[in-house]
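Engineer: Heads up, the sequence shown is in UniProt numbering, so the first residue is 1 and it goes up one at a time.
Bear in mind the hints are in silico, worked out from the structure with no lab data behind them. Treat the hints with care, since some could be wrong.
[Unchecked claim] Label-pair restraints from in silico Cβ distances:
id, residue 1, residue 2, range
1, R57, R205, 20 to 30 Å
2, N343, S120, 17 to 27 Å
3, G295, R97, 48 to 58 Å
4, D163, E116, 48 to 58 Å
5, S39, P130, 17 to 27 Å
6, S103, E179, 22 to 32 Å
7, R205, L175, 50 to 60 Å
8, H65, E179, 51 to 61 Å
For each residue, glycine too, the CB sits at the ideal point set by N, CA and C.
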Amino acid sequence: MNIWPGPQKSKEPSTVKVGVSHSSSSKEAVHEACSDFKSHAICFVMVFVPHHLDQERVARELSEHMPSTTVFGCTTAGQITPEGYESNALFIIAFPRRHFRCSSALIKPLGRTSIEHTTSQARVLASRFPKTANWKRVALVFADGLSKQEDLLVAALEAGLGDVPVFGGSAGDGLAFEETFVLHGGEVHPNSALLLLLETDLGFRGIGFDHFLPTTKQLVVTRAIPEDRLVMELNGAPAAQEYARYVGIPTEELSPKVFAENPVLVRNGNSWHVRAIQQVADDDGLWFLSAIDDGLILTLGQGTEILATLETGLTQTDGKGLSPDFILGFDCYLRKLEIEQNNLVPEVSQILKRHNVLGFNTYGEQHLGVHVNQTFVGVAFFPPGDGVVF
């Protein structure tokens, strides 16, 4: 089905249009999701592809159906549509020329791209993108969620873009963890990242929050393979065994649910960031979703009330006291997993709907130069001052 904003429906976004399809056919899903889009009014579309669809077929169908429209996007671990959390929806957001301009770069391959080259690429992109008077800039990044390069990538992009804030999410693959893709130039690309530089006349504000507090329990990484984000020992003991001992369960009971509810945190100044555990590795090692290294001190986190923190975090206003027209959101798949396991999806979806959150579930989030996990990251866009909508 297609969901369109209308002037009488104040709870729906007025500055972007969205399309949703739950078809199991890539061709039908594309045609259904964007059947009413008017290409002449669109600056670009952002596409979030569910695990069950063929991403290459989706890209081809988009090129055929909207040949004059610029398409960006990625594969996902879930979608955040106007109905809240979903897992099988092809979700498309159309950004209008009236309120947005864009320039983009494909960074490929991630594994062999130097920090210096990425920084230079971002700097050149920004310098060659003519500025519009009184419009502001924000950068979005969508990266291969299995590349293990996001930490270096986002730091390099922030350095290259200077005072342009950087937000984004790592592409997902459902819960398969096999291969993820970004969409750029009419094609899907593995081992890549998409940098999207936006210019808008809308006011916007970055958002970033989780629902964990540090405990007094600390673990020290005593043997790691940083390039693989693999920890073999914690406190001198096999990593999975030591983590399980701290959590208070047998090693064989470790699971995504346990990792989601008992994350480890790293302190950065006055802030704490989650370093999420992906799964148990051979020889009782632990695979992580963020940078890890020998000597790193990990603090066991304790969850707080996830519904309250979500409501508080999404409650934003601009200088005039207006709520966002919509929030472009990047929400970690581990948060969704915890919410599903605690039967809170209906309540969370209602909160996401009420705040007009549109986006996807990620394998990691990028927030102001830092790669994080188990965090909601977003950009709240506020209604235009002139009252002109899409």
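Engineer: Decide, hint by hint, whether the structure agrees.
Structural biologist: Quick rundown of the hints versus the structure:
Range check, R57 to R205: about 37 Å between beta-carbon atoms, so the 20 to 30 Å window is missed. Checking the proposed 17 to 27 Å range against N343 and S120 shows it is violated: the Cβ atoms sit about 49 Å from each other. The hint said 48 to 58 Å for the Cβ distance between G295 and R97, and at roughly 51 Å that hint holds. Judged by the Cβ atoms, the range 48 to 58 Å given for D163 and E116 is violated: they are separated by roughly 20 Å.
Taken as a hint, the range 17 to 27 Å holds for the pair S39 and P130, whose Cβ atoms sit roughly 23 Å apart. Against the hinted window of 22 to 32 Å, the Cβ-Cβ separation of S103 and E179 comes to about 27 Å, which satisfies the hint. Evaluation of the 50 to 60 Å hint for R205 and L175 yields a failure: the beta carbon distance comes to about 31 Å. Evaluation of the 51 to 61 Å hint for H65 and E179 yields a failure: the beta carbon distance comes to about 25 Å.
When each numbered hint is compared with the structure, violations occur for hints 1, 2, 4, 7 and 8.
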